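K.L.:
Single-letter residue listing:
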Amino acid sequence: MAKKSYRQAINEAIAQEMRRDENVLIWGEDNAGGAGTEGESDAWGGVLGVTKGLFPEFGPDRVLDTPISESAFIGAAAGAAATGLRPVAELMFVDFMGVCFDQIFNQAAKFRYMFGGKAVTPMVIRTMYGAGFRAASQHSQALYPVFTHIPGLKVIIPSSPYEAKGLMIQAIRDDDPCIFFEHKVMYDEEEEVPDDPYTIPFGEANLTREGDDVTIVAFGRMVQMANQAADALEKDGISCTVLDPRTTSPLDTDTILECVEDTGRLVVVDEANPRCSMASDISGIVAQNAFKALKGPIQMVTPPHTPVPFAPELEDAFVPSPDKIAAAVRATMA
Amino acid sequence: MAKKSYRQAINEAIAQEMRRDENVLIWGEDNAGGAGTEGESDAWGGVLGVTKGLFPEFGPDRVLDTPISESAFIGAAAGAAATGLRPVAELMFVDFMGVCFDQIFNQAAKFRYMFGGKAVTPMVIRTMYGAGFRAASQHSQALYPVFTHIPGLKVIIPSSPYEAKGLMIQAIRDDDPCIFFEHKVMYDEEEEVPDDPYTIPFGEANLTREGDDVTIVAFGRMVQMANQAADALEKDGISCTVLDPRTTSPLDTDTILECVEDTGRLVVVDEANPRCSMASDISGIVAQNAFKALKGPIQMVTPPHTPVPFAPELEDAFVPSPDKIAAAVRATMA
Amino acid sequence: MQMNREDLLESYRTMRTIRDFEERVHEEFSNGKIPGFVHLYAGEEASAVGVCSHLDGRDAIASTHRGHGHCIAKGCDVRSMMLEIYGRGDGLCGGKGGSMHIADLEKGMLGANGIVGAGPPLICGAAVTAKYRKTGGVAVAFFGDGGSNQGTTLESYNLAKVWNLPVIFVVEDNGYAESTASTWSVGGSQQDRATGFGMPSALVDGHDFFAVHEAAGEMIDRARKGGGPSLLHVKLNRFFGHFEGDAMTYRGPGEIQRLREEKDSLKIFRARVTEAGLLTGDQLDEIDREVMALVNDSITESEAAAPPAHEQLVTDVYVSY
Amino acid sequence: MQMNREDLLESYRTMRTIRDFEERVHEEFSNGKIPGFVHLYAGEEASAVGVCSHLDGRDAIASTHRGHGHCIAKGCDVRSMMLEIYGRGDGLCGGKGGSMHIADLEKGMLGANGIVGAGPPLICGAAVTAKYRKTGGVAVAFFGDGGSNQGTTLESYNLAKVWNLPVIFVVEDNGYAESTASTWSVGGSQQDRATGFGMPSALVDGHDFFAVHEAAGEMIDRARKGGGPSLLHVKLNRFFGHFEGDAMTYRGPGEIQRLREEKDSLKIFRARVTEAGLLTGDQLDEIDREVMALVNDSITESEAAAPPAHEQLVTDVYVSY
Ligand SMILES: Cc1ncc(C[n+]2csc(CCOP(=O)(O)OP(=O)(O)O)c2C)c(N)n1
Ligand SMILES: Cc1ncc(C[n+]2csc(CCOP(=O)(O)OP(=O)(O)O)c2C)c(N)n1
Ligand SMILES: [Mg+2]
Ligand SMILES: [Mg+2]
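Chains as they are written, first to last, in the numbering used here: chain L, 1174 to 1507; chain S, 1174 to 1507; chain C, 14 to 334; chain A, 14 to 334.
Heads up, a few of these hints could be off.
What the hints assert, rightly or not - Just a few of them, taken from the derived set where beta-carbon distance is under 7 angstroms, the chain A residues facing chain S: (1) G107; (2) H114; (3) L118; (4) G138; (5) A139; (6) T165; (7) S169; (8) N171; (9) E275; (10) A284; (11) V327; (12) D329; (13) V330; (14) Y331; (15) V332; (16) Y334.
As the list claims (entries may be wrong) - Okay, derived cross-link-like pairs now, BS3-like style, lysine-lysine, Cα gap no bigger than 25 angstroms in a straight line: (17) L:K1465 to S:K1468; (18) L:K1465 to S:K1497; (19) A:K238 to A:K120; (20) S:K1408 to S:K1497.
Unchecked claim - What follows is a list of derived Cβ distance ranges for each label pair: (21) S:D1194 to L:D1427: 52 to 60 angstroms; (22) S:D1385 to C:E119: 55 to 63 angstroms; (23) A:N177 to C:R302: 47 to 55 angstroms; (24) S:D1385 to L:D1427: 32 to 40 angstroms.
No lab work stands behind these hints, which were simulated from the structure alone. Quick caveat: nothing in here was measured; it's all calculated off a predicted structure. For glycine and all other residues, C-beta sits at the position ideal for the given N, C-alpha and C.
Can you make the complete structure from the sequences, with help from the hints?
P.N.:
Here it is as structure tokens:
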């Protein structure tokens, strides 16, 4: 076991699954490093290098570059999955879903239901999300609430390198369309990641910290922010449970409700915009199903209802921070 | 004043605004009745006839047919609006957003913010939503939560012919991108609609019924379902407030909170799928901001987390009904 | 590709099955027995059958909202199809899909589709599977003149070309997209577009089964041999409205009657094979009787059949969840 | 379109401004002074200027992620642009847009764009406005070889044709989409695609200002007169990486150096106009000095400038809400 980055963990997961199952292919823009150039092969491995090294090992039949035609190649993933392959297609930034969403939400997501249970569509869409990269309004969105809204999709949001590897292997082995959200700011973060393949089941929340006073539910990069807030609050004698649902669909409602039953207080931390968000979603589920356990108002910590600004000072103010989370925790106890 | 259908009300609103302002143009598939055919002109007026009669009155410069190229013609609406026109473009069914969403959520919605407040994009996208038409999984979705999630968009969901006319005129006069949701099952519903133009402001909920025990918040076609439920409950001595927010973005949070403060109980009725829905959204806002007023759990009434089925028996079971709403009201009082 | 007598009888039977299926669905829709949006393929039979008669179990097709004909041509069971269109529990898709989503993956029929232009990307994926597995299989995307203007379709031309996929793009140009004429909505031409993306193409009379069959055969052959994608522009006509309920006031006076008289692919086929002495009128008449009986039985069965069980509302969303 | 001396000086000044702007942004990015994704236009100047030198206040352009050159060519203020790229409050977009969303609607610059292929649909709308108001204005969409494969772009070709809009589609083919070669990613050819949608087209050497200027002039002229859309395929090269930070290992050895020596549009322009005796080296040198000073001042100012006020985070989302 060695320290590996979030980027390496994802790359290793894909490589190990490709070795295990010849039906696993990957494609996306520059995934093979850039086709047809006179320079080095495997030059890029995706825009931020996540798939680098896969082309040399698995070759052009299994690692494909694509033109900038997301509808065609994301749809091709659905078509390939429905006919027996297990493609891992890359939608470079989730912000680009607007040019190919039909193939995801009306096609891949609905095949099984529309066809009366006769379709199996085992595909993974890898996609980058999140703010903090100074990438401005069209390269910094979260958008996972939009995918979570759609029946037929599974939505995975790994919060660390260890989580990323286990969840990616699970996603590739899963028989339903999976949208795998990679936070672009986390690629270089490292932690101990086992060398052997392992899976982390979907719909089982990870209790990253146990406490008595307040339950904090956070997603993806927000999990570490929540734990930083909890560290600070600890000093003031406020003890928090920090729950990482890992997947928003399926959602581990039971564990969330149990934790709220225990603590009586809930803060939800979501990097997505506030309206119809995961913060809303968890709040609604708890307000309907654990109301009697609630001792105080639920607090939702999200960015404002605005696009992601470019200026670093504004972007930093946009993203939820440990301070804002701590303030919300205090508000639930007021 | 005469009885007019939801379809006529929308048609009249557009016609009156086109007479008032020469900058208003409309386009969409078959909006002019079908271009280039040998048969009658103005043959169709949109797939369900909403724009019929506009082509003869306003002619080919202001009423345009389009190829089946939603990205191009919805994007053209954004480009025309940003350069001074006030287009009303039709996205026939909101289910088709997947082929053109980028032009809506990354372009039109974000221009003003990305460009530092210098852009004005006065466009209306008319679109059909909703189940009950036996139109199956790809022609029956609600999807307004997805649009509500996006900062920069205004989302309008008229619940009757009177509402439709006033809200459409408001939308055409509004300077921001507006998504106008027309429920396909309601087109033939009639009520008294004033002949003269009038507007209904956005972000001002309509208190369709006042009661003491429970507040029901419902959207679009669900407003009548909620009132039917309230009629039935009245007989059992349960009195409900039924609130129609009219627009999900902006949302009249104040009125919703006031009503909950009064009744202490909340039921939200949403025709969209449950996850990250308007039911979630309202529940979260209330659980955070009116918690102390709540006497019982919030109840969310939505379809299940499934696509819309074709078989009439299944589709009828999919859509929220007065019975289900009444049951939810009782549950909040249990 | 010479066709023997069995092939000819089979193709005629399939075309007749499509015709009768659609005529009867039209009748029963008018009788209020069939719910929803129903788009009929009558008049276009020679296209689906001319192409699909070359296909086998290795091959896949993607269809459109007007999908009944493609389903039948690719071998879907007529009874199960009718049950599906009636929304019955024993339907091909358990009654959950209906006319616009009828599909049979085991038969390589990737589905009718409610979204114009959605088929071409999917078929590129089916072609990747065939190419990767070296099955020699091909993938055929059927779409209309209207669908030829959807960006998803145009992107797929390029992807199929760049990835050198065994795809045949079949543009079924029936002159209209809903009420809009293809002469108005299609800039340039289908064949020039194919050239624009580096694909060979052909234009054929879609009322002539043999013309379609021959042109498609060449393209499928080339694709099976690794020669990449092609585009087939098929000119044809629909005998009914865009969907059931369409008054068709946008069509020229007498247009339908003229078409039924002069452009009926079944009449044309019959005349051709009988005059050439390849088949006899009696042989064809017998098929007509058998097919009519089959389709009528499917209607009778469908009317009596039960709707899906209530629990079916929430099943089949995921394989596991 | 003969160009007089002032026109030539103006065009040279604009090309030089773009070049210096990009060279300095490259430097300051390397110095860690500039945040975010920055895509530089150096090497492609003759395209933006060759086209935009025909445009005036009636006309609109839509750009891409590589938008600085188009902005400058359409008359955006260099100081405000640099402030924007630095994310300052006084930037052209208040610091909220940055390099990828730099825009100036008053100048008819509809924005750089973070979404490949997003410009063409928008430009169709700007063309509708010009056509409806009979201003004689045209709308120009600039996009790359990669963007030419995006369905939104291809749909726009057809819409512009069918609506007979005054649009010029300018494909700036610099040989790569990120690390992917256009020789690989573009099936068929840009000109054949134009033909496929019924548009006239031309292929020009994008290092030759005069070639671009002449070809664009014809197309713009035709569009102003109601002759509809055209496509201009401009072959050119970028001197820097896809974005700042790109090691460019996918490019051939010595490629950049060779390009800077042989394909520098500014050198080529200078040689042409001086040899023809249209302008003197001194005149051009003076412009070089002035431009360098202007760009350096904009950097100095930008480094010292203040970020947007905190409240700016939540303003400008709506006109009213
Ligand atoms: C993306 C999308 N846009 C619009 C529609 C509505 N619609 C359904 S069929 C149709 C016309 C299709 O015409 P064509 O492709 O020529 O096929 P045909 O009906 O003639 O067989 C339209 C506009 C749709 N289903 N999907
Ligand atoms: C829809 C979409 N897909 C992918 C990207 C990521 N991306 C940004 S620029 C680029 C390459 C564009 O190449 P080209 O159009 O040739 O323009 P160039 O960068 O060469 O100027 C890609 C793939 C994007 N921004 N938008
Ligand atoms: Mg058609
Ligand atoms: Mg390029």
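K.L.:
Each hint should be assessed against the structure and marked as holding or not.
P.N.:
Hint check results:
Taken as an interface hint, A:G107 checks out: its beta carbon lies about 3 angstroms from the nearest beta carbon of chain S, inside 7 angstroms. Checking A:H114 against chain S by beta carbon gives a least distance of about 4 angstroms; that is within 7 angstroms, so the hint holds. A least Cβ separation of about 6 angstroms between A:L118 and chain S falls short of the 7 angstroms threshold, and the interface hint therefore holds. A hinted interface residue such as A:G138 counts as satisfied when its beta carbon comes closer than 7 angstroms to some beta carbon of chain S; here the least separation is about 2 angstroms, so the hint holds.
Annotation: interface hint on A:A139 holds; nearest CB of chain S at approximately 5 angstroms, less than 7 angstroms. The criterion of a C-beta within 7 angstroms of any C-beta in chain S is met by A:T165, whose closest approach is roughly 4 angstroms, and the hint holds. Hint status for A:S169 relative to chain S: holds, with the closest Cβ pair at about 5 angstroms, below 7 angstroms. Satisfaction of the interface hint for A:N171 is found here, the shortest Cβ-Cβ separation to chain S being roughly 6 angstroms, below the 7 angstroms cut-off.
Interface hint at A:E275: violated, since its Cβ lies 38 angstroms from the closest Cβ of chain S, which is beyond the 7 angstroms cut-off. Annotation: A:A284 was flagged as interfacial toward chain S, and the flag is violated, the nearest CB pair being 39 angstroms apart, outside 7 angstroms. Against a cut-off of 7 angstroms between C-beta atoms, the interface hint on A:V327 is violated, since the closest Cβ of chain S lies about 10 angstroms away. Annotation: interface hint on A:D329 holds; nearest CB of chain S at approximately 4 angstroms, less than 7 angstroms.
The beta carbon of A:V330 comes within 5 angstroms of a beta carbon in chain S, closer than 7 angstroms, and the hint placing it at the interface holds. Below 7 angstroms, beta-carbon pairs count as interface contacts, and A:Y331 has one with chain S at about 5 angstroms; its hint therefore holds. A distance limit of 7 angstroms between C-beta atoms decides the matter here; for A:V332 the minimum to chain S is near 4 angstroms, and the interface restraint holds. For A:Y334, the suggested interface contact is upheld, since its CB lies about 5 angstroms from the closest CB of chain S, less than 7 angstroms.
In summary, the hint linking L:K1465 to S:K1468 is supported, as the alpha carbons are separated by about 9 angstroms, within the 25 angstroms threshold. Distance check on the hinted pair: L:K1465 and S:K1497 sit about 22 angstroms apart at the alpha-carbon level, within 25 angstroms; holds. Restraint check: the Cα-Cα separation between A:K238 and A:K120 comes to about 22 angstroms, which is no more than 25 angstroms; the hinted pair holds. Pair hint S:K1408 plus S:K1497 holds up; C-alpha atoms about 16 angstroms apart against a cutoff of 25 angstroms.
The hint said 52 to 60 angstroms for the Cβ distance between S:D1194 and L:D1427, and at roughly 55 angstroms that hint holds. Between S:D1385 and C:E119 the C-beta distance comes to about 59 angstroms, which sits within the given range of 55 to 63 angstroms. Range check, A:N177 to C:R302: Cβ separation about 54 angstroms, and the 47 to 55 angstroms hint holds. Under the hint 32 to 40 angstroms, the C-beta atoms of S:D1385 and L:D1427, about 35 angstroms apart, fit the expected range.
The earlier numbered hints that this structure contradicts are 9, 10, 11.
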